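Visitor: Chains A and U are the protein sequences, given in the same order. Each residue of the first sequence is one higher than the last, beginning at 1 in the UniProt record's numbering. Each residue of the second sequence is one higher than the last, beginning at 1 in the UniProt record's numbering.
A hint or two may mislead.
Treat identical chains as interchangeable: a pair holds within one or across any two.
Straight line, CA to CA, 27 Å or less: simulated DSSO-like cross-link-like pairs of lysine-lysine [unchecked claim]:
1) Lys85 x Lys8
2) Lys35 x Lys8
3) Lys55 x Lys8
4) Lys43 x Lys8
5) Lys35 x Lys75
6) Lys55 x Lys81
Hints in this document: simulated from the structure, not taken from any laboratory. It should be emphasised that the depicted structure is a prediction, and the values quoted were computed from it without experimental measurement.
Each chain is listed here by its residues.
There are 2 protein chains.
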Amino acid sequence: MTNNNLIKGSLQTIILKLLEENEKMYGYEITQRVKELTAGEIKITEGALYPALHKLEAEGLLSTEIQQVDNRVRKYYSLTKDGQKEVTSKMSELQGFVENLQRILTPDLKPGFNI
Amino acid sequence: MTNNNLIKGSLQTIILKLLEENEKMYGYEITQRVKELTAGEIKITEGALYPALHKLEAEGLLSTEIQQVDNRVRKYYSLTKDGQKEVTSKMSELQGFVENLQRILTPDLKPGFNI
DNA sequence: ATTATATACATAAGATTCTGAGGTATTTGT
DNA sequence: ACAAATACCTCAGAATCTTATGTATATAAT
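Make the full structure from the sequences, and use the hints.
Guide: Written out as structure tokens, the structure reads:
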């Protein structure tokens, strides 16, 4: 399971990016997708995910839509217009941060490295 | 200056790695090195740095040595044996996390991408 | 038939780590 | 003379995370 709390703020970016690719997802689905994409190495806990979703919705970046599936309630999230703009911004921010991290941590390959 | 707010958890790794490369550094020097390596984009604040250094020392990963330079006091930090072991561990943890982040955020280049 | 696991939402206490402001003191540049 | 740089430090508050708890239904296992 390794360490899950390494880069603060990347959860929001993960959520937004997954929703850019998928149009519409519900919370539990997001946790499963991340688990599947990382071979179980990153597990988004519900205690982190739901407050993050609620915050993004409160900021107007996500909109919700409740669906009844069998007898279960699902809350689908999708990007608003503002949310779509924010994905790009958050992605390049994170990208930039990772590049800077490489510059600090791998002093050998400073000029042209690949992400 | 972009966003400086993503560093949570990676600051320890940054400190340990810089000390692996440099044998001995003092706090202010670390802030300047990071600023210089990232063209001013990442600024380690003192409110984050000093508590982090004290914590790493308390955990036995760093040792200190006070030096008088002119009339100024400098507190030099260096890796202990435990600290040297921890660098490797923390680095591969961070490396692994960044790889997983790529897997989530760049769904196109899943099989063989470069870090 | 009962129990455990999976699905699906949510909150809340406590821990950790950061920001931003403040404090002390010396040295160097203007 | 004053500002900025050098050098250390602490602390209130914010943000985000973990862990535990709670509700409820569906499915798999014993």
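Visitor: If any of the earlier hints don't hold here, list their numbers in rising order.
Guide: none
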